[in-house]
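My request is simple: use the sequences and hints to build the entire structure.
Going down the list, the protein sequences come from chains F and S. Quick note: the first sequence, position 139, residue 139 per the numbering used here, numbers continuous. Just add 1000 to wherever you are in the second sequence, counting from 1, and you've got the numbering used here.
I should point out that these hints are in silico values taken from the structure, not numbers from a laboratory. It cannot be assumed that every hint is accurate.
[To be verified] Facing chain F, from chain S, some residues (calculated, C-beta under 7 Å): (1) G1347; (2) E1348; (3) G1351; (4) F1469.
Using N, Cα and C, we set each Cβ at its ideal position, and we do this for glycine too.
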Amino acid sequence: MKLHYYPGCTLKEKTTGLDLSTREAMMRLDIELVEPEGWTCCGAEYPLTEEKIVGLAAPLRILRQVRDEGGDILVTTCSFCFAVLRRANKAIREDPLKNKRLNAYLRDDIKIDPWTKDKTTGFKDYNGEVKILHLLEYLRDHVGYPRIRSLLKRDLRGMAVAPYYGCRLLRPQAELGVDEPDQPRIFEEFLEALGCRAVEYPFKQECCGSYLSVSMPAAASEASYRILRSARLNGAKAVTVTCPLCFYNMDHRQEAIKETYLDFPGLPVLFFSQILAWALGVDKERLGLEEHSVPTEGLFIDHPAAEVRS
Amino acid sequence: MTAQKKDKRIGLFVCHCGVNIAGVVDVEKVAQVLKDYPGVTFSTNYVYMCSDPGQQMIIDTIKEKHLDGIIIAACSPTLHEKTFQEAARLAGLNPYQIEIANIREQDSWVHSDKERATKKAVKIVKSHVEKALQNEDLAPIKVDVTRRALVIGGGVSGLQAALDIADHGYEVILVEKNPSIGGKMIQLSETFPTLDCSQCILTPKMVEVSRHPRIKLLTYHEVDSVSGFVGNFKVKIRKKPRYVDETLCNLCGECEKVCPQIVPDEFNMGLSFRKSIYMPFPQAIPGTYTLDAEHCLGLNPVRCGKCKDVCEKKAIDYDMKEKIIEEEVGAIVVATGYDLYTMQALGEYGGEKIDDVVNGLEFERILSASGPTGGTIRRPSDGKIPQSIVFVQCSGSRDTEKHNPYCSKICCMYTAKHAMMYRHRVPNGQAVVFYIDVRTGGKAFDEFYQRTVEEDKVLYIRGKVSKIFKEGDKIIVWGVDTLAGKKVEVEADMVVLAMAMVKADGVQDLLKKLKIATDIHGFVAEAHPKLRPVESLNAGFYLAGCAHGPKDIPEAVSQASAAAAKVGDLFAQAELIHEPTVVPVNDELCSGCGICIAMCPYGARSLDPERGVAVVNEILCEGCGACAAACPSGAAQQRNQTDNQIFSMLRAMLRE
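Listed below in structure tokens is the structure:
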């Protein structure tokens, strides 16, 4: 089965591990991920930061393309892309003024084929027909945990993982509605379906520092340190994330964190898709672990599921 | 009808209402134009029709000109219709021959163009002349009153209302769903701002209620259904089986000793345990044990039966059944109380998962001498005496985004009391209060709060708490100090949340049975927020206490007394008067289709199965006209608002 998938820029450049492991895992679930043709950057946070509506054109072009290719669902793994796409979609669906003005722009699009130089015009108005899902939601609502459980190839019972939600997966709840932002369960249930132990700790929705990584690195270090420390004290052997920016702050920044906070011995950070792929039997080499700053050795112990069960 | 129309002598009185009407509508012109309108024999204008001279003018003119119908062109009929009806009655004219043409709210107040507003006023008045020509003399409907009241809820409001009504000399039935009366107030430790013991001031009232010759106390009973109407309600009350004969039980307590089932104690907010056969608290009224069937091993001597074996009085009866009691009452006081917002809803504050984060009522039990710790302040998780407590006001209140938008009113005061009590009992302990505002509107309230801050050195931080979580043995509270403009982190041994007050759990089912209106938060709605604060819009229902919204004890008691006084007003009348402008059924025209029955929001209409026509209970009919509009055959015609009258009015309006 084919499923539209929007990787987003970061997954193509900085965090290919998230992209690679997602593709490998979905293949094990008999789902082929298809990228919408000619996709662009979703605009990251900027389309939503001001009242100006033209910034929403970029995410909506992507969604229109999905619709024109016959897709009705688009999945993403990056929390930022997810939030931008879903909120842009909601805006065009529910705000008549934004819908009118954006479609007035988008109607005049001219698409030029890079090879044949053929021009395509006359786009049909986009009214929010595509449904945007984070992969976690897709796995919960469309694939279903029982099916995932039946396909598990490895036993992850030894793995104690702290799910880290970050901000963009859950908030603003009124627009995203993935889960209750103060007591979310979606990530925990996902990990438990894979056989892991989901570690309960109070910092799972606290901010990692986000863009402060650029302007105030010390503040980002402090924010990430608090999360990692809390996860470790509560017994986590790793933290798992859905967002490339969280990954950057928590993983790449750990060298700096260790220099500031001498008591902190380090904690591996994984993408949720890497754990999924591993549980479904993907080889360690295909998880994209080489780009991690914090060593992940010792986490991936190969216990075949059947062997343990018998 | 036509004959009457021709003969009628209509008088028109146009009111200036100072400049309210005259500023926009040319009142003299209105009176002038209508002078020659068919049916009008007299027409004038005056500055204030509702004033004494204005009314006297109406009375004199009716007598002088032998008027048999009058139009007052003035403000909305909701304001002065009664005034002018009374004036008509004094002049010997049937009050239902009065028509109010609203040229203020529907004309002068909403328009500015004098010429067009005047034109509109003329049209409005003309349409009322057409209606008045066809008005009939009506007599109010009279009905007897059952001078007996039902009070639902045995908390302080219900107790006060029952006592006051009984002291007025009327019988009262007090229904309480729990095994004992006392409500939430009996669970409190001390009461602000005087710090008198809650049990000490409430138990005398409880005893008085139980001993009062005119109060029939039904504890462990619930209202099953209510039918009828003001002055004549029929109530079915469900008696829940207590499995203990309260007349035989001598409180020896042997049954409790042998009962093997341990259950969280509701009276102590689950902070301690009781047995399955229990007495809620020592001063419970009625003084009897109650067997909680839900937690009992099975009401079966084969499975357990220990309590029955040891009961010397033979008071325990496993075969007791539920029973329905029927009572007739004339008025119903709803005093069903409140509950606290659930902690699960506040995920950011731990969502009930942290043992040492408790709500205000739990802390009351911890403070109480009769509580689970005997009045020593100990935290639930390990029984340690907390060396620091953080109090969080407005937990779940004043939050338009996620929780309840309203202020729960009592939390500022009880938090000050909690912090003060804590500082008295743990002198070295640190008390920190997070607040948005401190609202101390009440007699001696602010002085009490000042004492908490100045004498008892409680630290008040202005700002909300964003997150509460556990780290090791400590509870970490994150908040903001909005005066300093800084984030703050406080370590505490225990946290007390001043939880929002919300409608009582499950009360919506009862209110649906009573068919009375609630506000958007599920609290019982009053008839008028300022002028009729203790009555429901539905006649015969009165409200008292927190069923109506958050309030403190003095306010709840005052409201209960006010509701009782209103019940007294009702019972003091020889008979009740009901507006005659109801919608009767014309048997000749009615086909028995039943559409009007479905339309009626008051349950006033039903089908007579023998004659196959609709019948109406005129006392229940509020004259809304829904049935008249829906009736396909014209059999439902509202008195003095018939289809003919409405069409005549329309014609007058549309005729240029």
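Results of checking the hints against the structure:
no.: 1; hint: G1347; result: holds (3 Å)
no.: 2; hint: E1348; result: holds (5 Å)
no.: 3; hint: G1351; result: holds (5 Å)
no.: 4; hint: F1469; result: holds (3 Å)
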